[in-house]
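Engineer: This is what each chain is made of:
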Amino acid sequence: KAGVTQTPRYLIKTRGQQVTLSCSPISGHRSVSWYQQTPGQGLQFLFEYFSETQRNKGNFPGRFSGRQFSNSRSEMNVSTLELGDSALYLCASTPGREGNNEQFFGPGTRLTVL
Amino acid sequence: GENVEQHPSTLSVQEGDSAVIKCTYSDSASNYFPWYKQELGKRPQLIIDIRSNVGEKKDQRIAVTLNKTAKHFSLHITETQPEDSAVYFCAASSSNTGKLIFGQGTTLQVKP
Numbered sequence: 001k002a003g004v005t006q007t008p009r010y011l012i013k014t015r016g017q018q019v020t021l022s023c024s025p026i027s028g029h030r031s032v033s034w035y036q037q038t039p040g041q042g043l044q045f046l047f048e049y050f051s052e053t054q055r056n057k058g059n060f061p062g063r064f065s066g067r068q069f070s071n072s073r074s075e076m077n078v079s080t081l082e083l084g085d086s087a088l089y090l091c092a093s094t095p096g097r098e099g100n101n102e103q104f105f106g107p108g109t110r111l112t113v114l
Numbered sequence: 001g002e003n004v005e006q007h008p009s010t011l012s013v014q015e016g017d018s019a020v021i022k023c024t025y026s027d028s029a030s031n032y033f034p035w036y037k038q039e040l041g042k043r044p045q046l047i048i049d050i051r052s053n054v055g056e057k058k059d060q061r062i063a064v065t066l067n068k069t070a071k072h073f074s075l076h077i078t079e080t081q082p083e084d085s086a087v088y089f090c091a092a093s094s095s096n097t098g099k100l101i102f103g104q105g106t107t108l109q110v111k112p
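If you read the sequences in order, they're chains A and B.
Counted the way the numbering used here counts, the first sequence spans residues 1 to 114.
Counted the way the numbering used here counts, the second sequence spans residues 1 to 112.
So that you can see chain A by itself, here it is in the shape it has in the complex (with noise of 0.2 angstroms):
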């Protein structure tokens, strides 16, 4: 099976802008979640979406949202672009069902705020 996959692996925006970012799960894989790394926090959890629907959030402002459609792809989109969302934007699949959590990460995609 082909692995998880993110587009575009690199962006440089500049602040106020707003950025889409997207991840396809491995096939099969109903759950995606998106996560930020960054050097100084590490990596935090942003949400998690699973049949379309968002089923878990972490503790991120409302610029941060994202969305799942009916093949499972995923986006994400930052709006009002800061100089501290520079980061590394992982996203990871996982089958969903109950017992079955394991995730898989995305390459990431790496984004730079000027």
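No lab work stands behind these hints, which were simulated from the structure alone.
Among the clues, some could well be false.
[Claimed, not checked] 16 angstroms max Cα-Cα, derived EDC-like pairs, lysine to aspartate or glutamate:
#1 A:Lys13 - A:Glu82
#2 A:Lys57 - B:Glu2
#3 B:Lys68 - B:Asp84
#4 B:Lys68 - B:Glu5
#5 B:Lys37 - B:Asp84
#6 B:Lys37 - A:Glu102
[As the list claims (entries may be wrong)] If you want a taste of the chain B side facing chain A, the calculated C-beta under 8 angstroms gives, among others:
#7 Lys22
#8 Tyr32
#9 Gln104
Just so it is clear, CB atoms sit at the ideal spot from N, CA and C, and this is done for glycine as well.
For chain A, the structure is supplied; the task is to place chain B on it using the hints.
Structural biologist: Relative to the frame of chain A, chain B by itself:
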């Protein structure tokens, strides 16, 4: 709130020695504890995991132990090799959700 503490933040060992990384979690509902290895510039890779109904799990040179009473779990790597050098993250999750709470990471350096 939910929190995972990981120690040490850096660990340097000689090739062939053992390495131990320890984590403590706060959420009593946590029942799934994966460990990830992340090499520089690469994605986190799942190396081993353990569920709350098991006290220990081993996979070749890697083992994980879980003490539910103390809310501790640890990663043990024996006969370390230079290719084990990476950042290791512990994490905790509850039920079947995709929400992982990560520790701060441990940078392991294995000296040849």
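Engineer: Which of the stated hints cannot be reconciled with the structure, identified by number in ascending sequence?
Structural biologist: 3 and 7
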